Each structure stands twice: as structure tokens, then as C-alpha cells.
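Trainee: Working from the sequences, and respecting the hints, build out all of it.
Protein chains: 4
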Amino acid sequence: MKDNVFLILGGDDRSLYLGEYLEKQALKVCYYAFNQTDCFSTLKDAIAEASCIILPLPLTRDRVTLNAPLYDGTILISDICALASADKIFFGGQLPVSFCEEITERGSYFCDYFELEELAIYNAVPTAEGVVQVLIESLPITIHRMKCAITGYGKVGKILALTLRNLGADVTIFARKPSDFADAYAKGIRTNEYEDLVHEHFDFDALINTVPAKVIGARELSSLKPECVLIETASSPFGIDFQAAKEKAFEVIKASSLPGKVAPKTAGEIIGRSILPILKSRGLTD
Amino acid sequence: MKDNVFLILGGDDRSLYLGEYLEKQALKVCYYAFNQTDCFSTLKDAIAEASCIILPLPLTRDRVTLNAPLYDGTILISDICALASADKIFFGGQLPVSFCEEITERGSYFCDYFELEELAIYNAVPTAEGVVQVLIESLPITIHRMKCAITGYGKVGKILALTLRNLGADVTIFARKPSDFADAYAKGIRTNEYEDLVHEHFDFDALINTVPAKVIGARELSSLKPECVLIETASSPFGIDFQAAKEKAFEVIKASSLPGKVAPKTAGEIIGRSILPILKSRGLTD
Amino acid sequence: MKDNVFLILGGDDRSLYLGEYLEKQALKVCYYAFNQTDCFSTLKDAIAEASCIILPLPLTRDRVTLNAPLYDGTILISDICALASADKIFFGGQLPVSFCEEITERGSYFCDYFELEELAIYNAVPTAEGVVQVLIESLPITIHRMKCAITGYGKVGKILALTLRNLGADVTIFARKPSDFADAYAKGIRTNEYEDLVHEHFDFDALINTVPAKVIGARELSSLKPECVLIETASSPFGIDFQAAKEKAFEVIKASSLPGKVAPKTAGEIIGRSILPILKSRGLTD
Amino acid sequence: MKDNVFLILGGDDRSLYLGEYLEKQALKVCYYAFNQTDCFSTLKDAIAEASCIILPLPLTRDRVTLNAPLYDGTILISDICALASADKIFFGGQLPVSFCEEITERGSYFCDYFELEELAIYNAVPTAEGVVQVLIESLPITIHRMKCAITGYGKVGKILALTLRNLGADVTIFARKPSDFADAYAKGIRTNEYEDLVHEHFDFDALINTVPAKVIGARELSSLKPECVLIETASSPFGIDFQAAKEKAFEVIKASSLPGKVAPKTAGEIIGRSILPILKSRGLTD
Numbered sequence: 196m197k198d199n200v201f202l203i204l205g206g207d208d209r210s211l212y213l214g215e216y217l218e219k220q221a222l223k224v225c226y227y228a229f230n231q232t233d234c235f236s237t238l239k240d241a242i243a244e245a246s247c248i249i250l251p252l253p254l255t256r257d258r259v260t261l262n263a264p265l266y267d268g269t270i271l272i273s274d275i276c277a278l279a280s281a282d283k284i285f286f287g288g289q290l291p292v293s294f295c296e297e298i299t300e301r302g303s304y305f306c307d308y309f310e311l312e313e314l315a316i317y318n319a320v321p322t323a324e325g326v327v328q329v330l331i332e333s334l335p336i337t338i339h340r341m342k343c344a345i346t347g348y349g350k351v352g353k354i355l356a357l358t359l360r361n362l363g364a365d366v367t368i369f370a371r372k373p374s375d376f377a378d379a380y381a382k383g384i385r386t387n388e389y390e391d392l393v394h395e396h397f398d399f400d401a402l403i404n405t406v407p408a409k410v411i412g413a414r415e416l417s418s419l420k421p422e423c424v425l426i427e428t429a430s431s432p433f434g435i436d437f438q439a440a441k442e443k444a445f446e447v448i449k450a451s452s453l454p455g456k457v458a459p460k461t462a463g464e465i466i467g468r469s470i471l472p473i474l475k476s477r478g479l480t481d
Numbered sequence: 196m197k198d199n200v201f202l203i204l205g206g207d208d209r210s211l212y213l214g215e216y217l218e219k220q221a222l223k224v225c226y227y228a229f230n231q232t233d234c235f236s237t238l239k240d241a242i243a244e245a246s247c248i249i250l251p252l253p254l255t256r257d258r259v260t261l262n263a264p265l266y267d268g269t270i271l272i273s274d275i276c277a278l279a280s281a282d283k284i285f286f287g288g289q290l291p292v293s294f295c296e297e298i299t300e301r302g303s304y305f306c307d308y309f310e311l312e313e314l315a316i317y318n319a320v321p322t323a324e325g326v327v328q329v330l331i332e333s334l335p336i337t338i339h340r341m342k343c344a345i346t347g348y349g350k351v352g353k354i355l356a357l358t359l360r361n362l363g364a365d366v367t368i369f370a371r372k373p374s375d376f377a378d379a380y381a382k383g384i385r386t387n388e389y390e391d392l393v394h395e396h397f398d399f400d401a402l403i404n405t406v407p408a409k410v411i412g413a414r415e416l417s418s419l420k421p422e423c424v425l426i427e428t429a430s431s432p433f434g435i436d437f438q439a440a441k442e443k444a445f446e447v448i449k450a451s452s453l454p455g456k457v458a459p460k461t462a463g464e465i466i467g468r469s470i471l472p473i474l475k476s477r478g479l480t481d
Numbered sequence: 196m197k198d199n200v201f202l203i204l205g206g207d208d209r210s211l212y213l214g215e216y217l218e219k220q221a222l223k224v225c226y227y228a229f230n231q232t233d234c235f236s237t238l239k240d241a242i243a244e245a246s247c248i249i250l251p252l253p254l255t256r257d258r259v260t261l262n263a264p265l266y267d268g269t270i271l272i273s274d275i276c277a278l279a280s281a282d283k284i285f286f287g288g289q290l291p292v293s294f295c296e297e298i299t300e301r302g303s304y305f306c307d308y309f310e311l312e313e314l315a316i317y318n319a320v321p322t323a324e325g326v327v328q329v330l331i332e333s334l335p336i337t338i339h340r341m342k343c344a345i346t347g348y349g350k351v352g353k354i355l356a357l358t359l360r361n362l363g364a365d366v367t368i369f370a371r372k373p374s375d376f377a378d379a380y381a382k383g384i385r386t387n388e389y390e391d392l393v394h395e396h397f398d399f400d401a402l403i404n405t406v407p408a409k410v411i412g413a414r415e416l417s418s419l420k421p422e423c424v425l426i427e428t429a430s431s432p433f434g435i436d437f438q439a440a441k442e443k444a445f446e447v448i449k450a451s452s453l454p455g456k457v458a459p460k461t462a463g464e465i466i467g468r469s470i471l472p473i474l475k476s477r478g479l480t481d
Numbered sequence: 196m197k198d199n200v201f202l203i204l205g206g207d208d209r210s211l212y213l214g215e216y217l218e219k220q221a222l223k224v225c226y227y228a229f230n231q232t233d234c235f236s237t238l239k240d241a242i243a244e245a246s247c248i249i250l251p252l253p254l255t256r257d258r259v260t261l262n263a264p265l266y267d268g269t270i271l272i273s274d275i276c277a278l279a280s281a282d283k284i285f286f287g288g289q290l291p292v293s294f295c296e297e298i299t300e301r302g303s304y305f306c307d308y309f310e311l312e313e314l315a316i317y318n319a320v321p322t323a324e325g326v327v328q329v330l331i332e333s334l335p336i337t338i339h340r341m342k343c344a345i346t347g348y349g350k351v352g353k354i355l356a357l358t359l360r361n362l363g364a365d366v367t368i369f370a371r372k373p374s375d376f377a378d379a380y381a382k383g384i385r386t387n388e389y390e391d392l393v394h395e396h397f398d399f400d401a402l403i404n405t406v407p408a409k410v411i412g413a414r415e416l417s418s419l420k421p422e423c424v425l426i427e428t429a430s431s432p433f434g435i436d437f438q439a440a441k442e443k444a445f446e447v448i449k450a451s452s453l454p455g456k457v458a459p460k461t462a463g464e465i466i467g468r469s470i471l472p473i474l475k476s477r478g479l480t481d
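Residue numbers (the numbering used here), protein chains in the order written: chain H, 196 to 481; chain L, 196 to 481; chain B, 196 to 481; chain U, 196 to 481.
You can take every hint at face value.
No distinction is drawn between identical chains; accordingly, a pair holds when it is met within one copy or between any pair of copies.
Here are the simulated lysine-lysine pairs, BS3-like style, with alpha carbons at most 25 Å apart: (1) K372 / K382; (2) K456 / K219; (3) K449 / K460; (4) K342 / K382; (5) K441 / K420; (6) K443 / K460; (7) K475 / K372; (8) K409 / K443; (9) K219 / K382; (10) K409 / K441; (11) K460 / K420; (12) K420 / K219; (13) K342 / K420; (14) K283 / K223.
For the record, the hints were derived by calculation from the structure and aren't laboratory data.
Keep in mind that this is a model prediction, so the values were computed, not measured.
Mentor: Structural data, given as C-alpha cells:
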């Protein structure tokens, strides 16, 4: 077991911190596609040496080349696939279907860590802190006593609501499920139905969307006061209708992919903490 | 819609508070099987008048008669069933299968509110306060800085852990799912695997079980210090092996069905708050 | 330094726990006036052996005999005084002036630990938990979402307000100093002037007094709803006018001296933690 | 009473927000030394019209001219003094002794709102949020689980410790008074003596100073790990020895006067909320 080599292949600071985290667990870690810290001279050598290859989040931004911003060269996703074999395990985030299929065909096991529920929960903490930073930077008032609306009460919405409430904000969530209302009620957070956003008027200082589906359109915007700052944390297709917001002259701040930006070291450790039990269950660590 | 009558049929103080809560929503509420407050002289009259019959939690303690501790008489479950018809709606908690079948056969709609996820979440708050009361009463130390273990991290475990942490306790949960560990980690709560209870030694001052399945047996008890107080909040088949605990001379406190005991008014309102959206969706209220 | 003997002289469980706490600090502890655990046969022997004599809180309930509920015999305060000498240090709580004078005359150092500010702060925690217990026991609703008023915002008021807020209560404090209002505002607690209690109407579910001076008289009671439960935590001359409350049929609960009742072990440790730095500064411990 | 005019004289956005806050209290507010919003053509006219003149915080940065960054012109402090008379009230922050003396000599009342204890408490909230922003921006890890040291446990230290703890940080304060240790203990915050900073080793991720007196010198820095980020929130003479920190290659961030930078609107309202009771007690408002 001691001889297993874990290859951190590509990615940004977060990947380097992930490697550091795995080293702290007494694992043997190597790096490729980082210029300075590279342990190998070719991709082939790197993958040959490793039992476990850990790819970045996202794996690729153009569907062709590896996401490797700290590397001067270019690595094709297809070249990585071509080196897969039955004795290798691949981890990566937001893996394209084609990648997964080819890896499987070649007998390798793969895991998209971005799809692990626990990673999404761990990541909600740096996401919430990123929103805290945006709120402090962008509004002339304190979060303490700020009137904050949050659309969506999933993993990010839950942690964000608790974080803002802990900072003394007056938090209202918009959700649909009765069990979400109950959870928020138990935590001292106000609740509203989405429809209320259409029919009532609210004096929120900030509205933070966490839903990757259009929930804040022209009609909903009409219920907000003009100074309300809109913060979008979800990814495409987004929850805020940017065009409608622009027409109504709302300030909109896009704040997606916060963990890697706000706290790359924590974000790297989160990936490590999420994949460690899987490594363990597959016999790669104690 | 204004003419719908809601009959509170049997139950304890909680049912009376539930009636009071519905009256506050401007509903027309009647009572039967409470002696003093009864609005009718016979069960038949009572049910005949009502569109919606709200039964207690649990419906029955002996599978034959209605749970009606404030009533001098006796009402058979079968007599209630016999009065069901297509224009009636029945609500109740922990309904036996036979009851549900007969009600359905006679064309009535029924809903077991005890199975609503939101009710379980709302109820976790009075349950947590009940545990707080037990801890203050039973231990010679404050909850502040108390070392508390909680087995199970479901609805009760989550709210209880947060409540005790908010009181300054040092809380450790025992759970199985990686997503539960992540949730607890995000909330500043310690986590452990159940297996650790077998292999390690812990100096918990109190251990609170929330799992209705044996998780604390002789081997787990061996890892605890003798003064650790054991509190069982789950119902049968329970999480603590009482026989083993007795043999090892642990103090065990059974604290089940806490909401109705600790806060009957809140518990009644919780039932009301949980069934109101259903009444609304079925056109019985606005 | 190792040869210093610490005598726990009289008191209840709290004093025994205090002794236990000092033993844990590797001090040599002896006991007298507890029947079972006594280390000496006479008071004279006990005091002769000790460098430091630790008396209970309160020292005496009748101004004549030592407060020693676990002891079958009777010890006169005057007999303790008579055994004081320049090489002894005395600690005790709520020491009568006459006792302090006589001790000083005989050259002994004494410290009334009840007057230490830090002890009052530490004790605010078990006091707050005692109030939590009373609230859970006495009201049919949960502390969560309960409307609680607190009169006074000193050491107990501050910790109590935070504790109840952390349990989800809607807390309002009544105070006088602008800095107290600022402190409460910063912690998300509502504030009011005492005069508002006379002029406005409030729907508090419970009012807890922490001020040992009449603040809740007939006029203030008129602003409360009849179901409001009144809890008195202060000692004589009390803050609630009991006679007026009785006439208006309010439920009043006296809950004084809570730390020793609610958490005797913690209360004993608190005395230990408070006097330890003094022992250290006088060269009695490392 | 309705005819009293309140003149906001100089200052930045915070002063404008303060004026807005006073207008919301239905007071008649005028402005001078802001270019755009000025209501008068000369200083003499402005002061002649006003009953109450509200000066900025600080009054002056060079001891000669008014602090008026939004004004193109220059106003001498001495010119303001020359216009004082018995029917005027002056408010300002960090007023020089010479200013106070001259104002008094001319029969005007003055109040340095910066010296009000309540203002310092209110300001601790935006100060704490400013530190939160710095921590999120400057460290690659989340505040959640961050190991934070705070030197000083006065108004800022207390609120900051609570804020960081509420965000999930592991907070340790360094203080001197036993009552401060008790307060921190009650709130679940770790405590240490300053001397420990010399004798022990700590793995803090960040150390935030709140004491305006040298407490972190070369010896204290030796106990910290090199990556520890040092944040100075106090004003001159500062708590961190910047020279020593530079020699040891620590990252030091100066973050003073945070309220006006982080939340100018809240900071303006805080001044308003602090002076309102004084205006009231002097008969200038209802």
C-alpha cells in the first residue's frame, strides 16, 4: 500500500493545496502540469508512475485541453484518456461524458468528486464566506441588521442563511418545499413562497440567488427596492434574469465558483477530505 | 368554504391547543371527547357536522379505542370508521393500516400527519428542548462545556446538536453518511464513526440516542466512562440496549414523545402548521 | 509549597465538588463538617493543619452557625474566628462584616469570593441554564420563538439574553444605560426603557427579572398579558412586587441561588477557578 | 422645537449618511462643505442658521483645517471657533483640546461623540466586519475553522471574538483581567495570558490586535508560525511592533478606522443613534 503514487495532474493553486493535504496524510504525491513543481518530464511518465490520478475542477474549460493554468504547455484530454488502464483510478471534477466513457472502456475506475454530496456541503462554507465578502465590499451598510433575501434553500442556501443570521442579518429565504420552510423556521430564519416575490413589496438590501434556474425575472424584480444589490452565486443557466435586472438598473454581482477563489487552500482540502474515504474503500490508503 | 367545520376528536392538551390554533386561523372548530369543551352529545352528531375530523397523535394506544385521556367515556376506532364517508377528510397521527384501509374503502381522504417530513422537523425543536431539560435536571454540571455525544444525525440529531452547541456544549455526533459528516463539520460539531465507539475511549458526560435501532450495545458502553448519563429519545425498538446498560450500572433516562410533554401548546400548533397547507390544497381553507 | 493543606470547611455538594476540583490541581485537600468524608475529629485539629480554609457560600444562614447541611453537628462562626491566626488564609462567600473584622484582627487574610467579578460572570452561565429549565418546565410553549423580557442587563442579564437568543427566543431587555442598549443592539437583542413598561402593552410570554431592586410594580404589571410568567432570579429586595403580582393573578416563580441548585459540580469548580489565581498570587500554589 | 436646524459641516460619505439618518428622524438638516449638496454660500451663513453643528470624525487631520474631503475649498478650524456662541451646540469626533477650550470660552456646548462608550460599542460591529473582510481577502483558508488570536478584549475584542466564533473560527483571546477571562470562557472562547505568547508556540493562522499599546514585539512574534497574518486594528501607538514584524518577514495588514471605510452608511447612523439621546436631553428634539 505504501508504494501507491498519487498524481496531481493540472489545475490551479487549489490542486497544489490538495496535493499538500494528501502529503499530510502521509501519501506519496507527485505533480505534473505545474511548471515549477513537476516531478516528471512527460505526461506518459507521470501517469505510468501513478496508481491514482487526480484531475482538476473543472477538468477542462474548452472540452479539448486540460485545465492547467499554472502550466506553460498544453495537454489534450484525449492524451490522458489514451493512458488509462485497469490499474489506474481517476478523480476529477465536472467530467464530460465522453471522458468517463473512454476511461471506463479502458478499464479504469473514475469518480467525479464534484458530484459527491459531501463535497457540495463542504463547499457551501467557502461559498458563504465569498458572499459575505461581496456583501461587505459592495454595500455601505453592515451585514449586521442587513435585510437579506436568499432564493433557494439547498446546500448553499442553508449554510448561507445560517452564516448571515450568525452575523446578525435579518434573513428571509424563498423556497418551495414544506420541509425547507420547517428547517428555516427551526433556525429562526424567515420564509416566503416565490409567488410572494411577485405580489408583495420587500425592502431587502441584498438578494442572493443560489438556484441554477430562472427564479428572478422582471416581475420578481418589481417587488424589490431599487437599491437592492443582486448577487448571483449559481452557475448557468442562472437564477437572475440579467437582462431584466439591467433594464431596471439593479446592481448585479456575479459570484460563481467562489470556493477556489476565496479560499483555495480550504477548497483543495475539501476535495481531499471528500475523496479520502473513497481512496480508503478502494484500498489505496489505510 | 366558510361553513366547513373542523372537529377535534380526542387527544390531550395538545389537541385542544391545536383547536385553538385553527380558531386563530378563523376556522370553525368543534370538539368532541374532552368532557368540558364538547360541542355535541354523540359521536355520530359530531362527525356528521364536520367536514374535517382531526384525530390525536397517536390515534390509539391499544389499537381498539381512541386515545382520549381527557374524556370519561370510551370511543371505539371502529365506530369512527363506520361514520366515514366521501365528503369527510380525516387527519391523525400514527394511523394503523386497518384504519386507513377502512377509511379509504368508505371514500374518505385521510392523512397521517406524523409521516409529514415538516412535522418531524418542527417537532425536533421541542424534542431538543426536552433533552435540554433532562440534561439540566439530571447532571450536576452545566450544558455549557458539557461533553455530549449524539448517536444519529437525522432530523432530531441535527437540531439537537445545534441546540446543544448553541448552549456551549462540546458536541460529538456519531453517524454513517459522508454527507452527515460534512453537515456537522460545517456547523462546528465533532464527528465520529459508530465503530469508534467500540475501539476508543470517550469521556462524554452524556450520550443522547436519536436512532430507533440498536446502536449502543455492551461493546459501545464499554467505551464510555461510568458517570456518563444515557438519554433515549427514540421509540421502540430503541437505540440503547437497556439490559446491557443496567448490567454496567449506567444511569439511563427514557425521554420519548417529548413535544407533547414539554410544550403541548407548541406541539399542537406544529400539527396545525403542518396540516394547514393540506387543508388549503384541498379547498377547505383560503 | 507542596505541604500546604486546603481545608474545605462546611457547605453542601458544591463544597465537596470544589474540593475535588482543587485535588485535580494536585493540591492537598482535607474536609471537615461533612460527616462521611471528614479527615479530622475536631474543628481545632482541622484548622490547625490547614494553611487555607475554604468556607461555603453563604458562610452562614443564621449569622451564628456555619452553613453545613451535610454535617450532623453544629459549628459556631465564633469558634472558627477564634482559631484564625497570621499564617492562615480564609475564603468564603457572603462573609458578614463582623467575621471579616475578627479574622483581620487576628492577622489572617480573608477573601469573599462572592464579591469577585469573575465569579459573578462564571455563575451567570448556570443561572441562565436554571432559567432555561424553569421556562421549559413552566410554559406550554418552546423557548424557541418565545417572547421573553429580561429586566436588567448586568452580568446575569447579558448571559441570559444571549442564552435565550441562542435557543431561538425573541428577547427584549429593559435597561437604562446607553452602553447597555448598544451592547444588546450589537447582539441582535431588542431593547426598551423601563418607562416603556408603564406606557406600552407587551405580549411577552415570560418576564425574567435580574435586578435586586423593585423594577416591576403594579403599573409595570398592567402592561403585561395575564398569561405572562414572571421569574425572579434576584435576591432580596427582589425586582418583582410579589404582592402586586399576586393581586393581578400572575404566576410568579422564585428562582434564586440557581448555580448551586442547578449545577453544583460546575458551581464548585467556578469557586475553585475564581480563587486559584489568588492562591497562586499568595504563593500557595504554583 | 421644530425650527432647530442641524448643520452637517464637513466630513465624508459617513457625514452625508448621518444627515440622511437625522432627516429620517424628521429633523431639519442642512449641509456645508460638500460642494454638491451645500445649502449655504458661506460658512458664516451656515453656522448662523444652525442650532446644532455636527462636525466629522476626526474633526481635522492636520490640526488646522476641517476634515472635508468632499469639498474643494478649505475651512480653518479657527474660523469655526470664531463663529461659536452661547446658542449653539457642537458635536464632533476626536476634538483637539484647543478647539474644546475655545468653544467653551465662547459659551457653546460641545460633545466629542467619539468618547461616548455606546458609539465605541456600536462601531465594534462594522470594525469586526472589516476584519472579516480582510481575513477572507488575505488568507487562502476560510474563517470557518481558522485559528485566530485576538490581543485585547475590550469593546472591539469582545464583538470581534463573538463574530469570528459565530463564523466557526477557533478563537483565542489574550487578555489580563480575570473578569475578561470569565467573559470569554462563558462565550466558548479560548483564553491565554499575554506572557504565554512569549513562552509557548502557537499555530495561529491570523492574529488581530485591538490594543493601542505595544503588546506584540519581537519575543511574542517568535511564538507564532511564519504564515500567521498579522492584522492591526488599533490606532497609534499600535499594538504590533511593525519593525520587528518586518524583520521576521510576517505579513502585516493595517486596518484602522474600519467603520467609515467598510460601512459608511451604518457608521453615519451610529453617530446619529449615539447623539440622538443627547439632542433629546438638551431639548433639541422630541
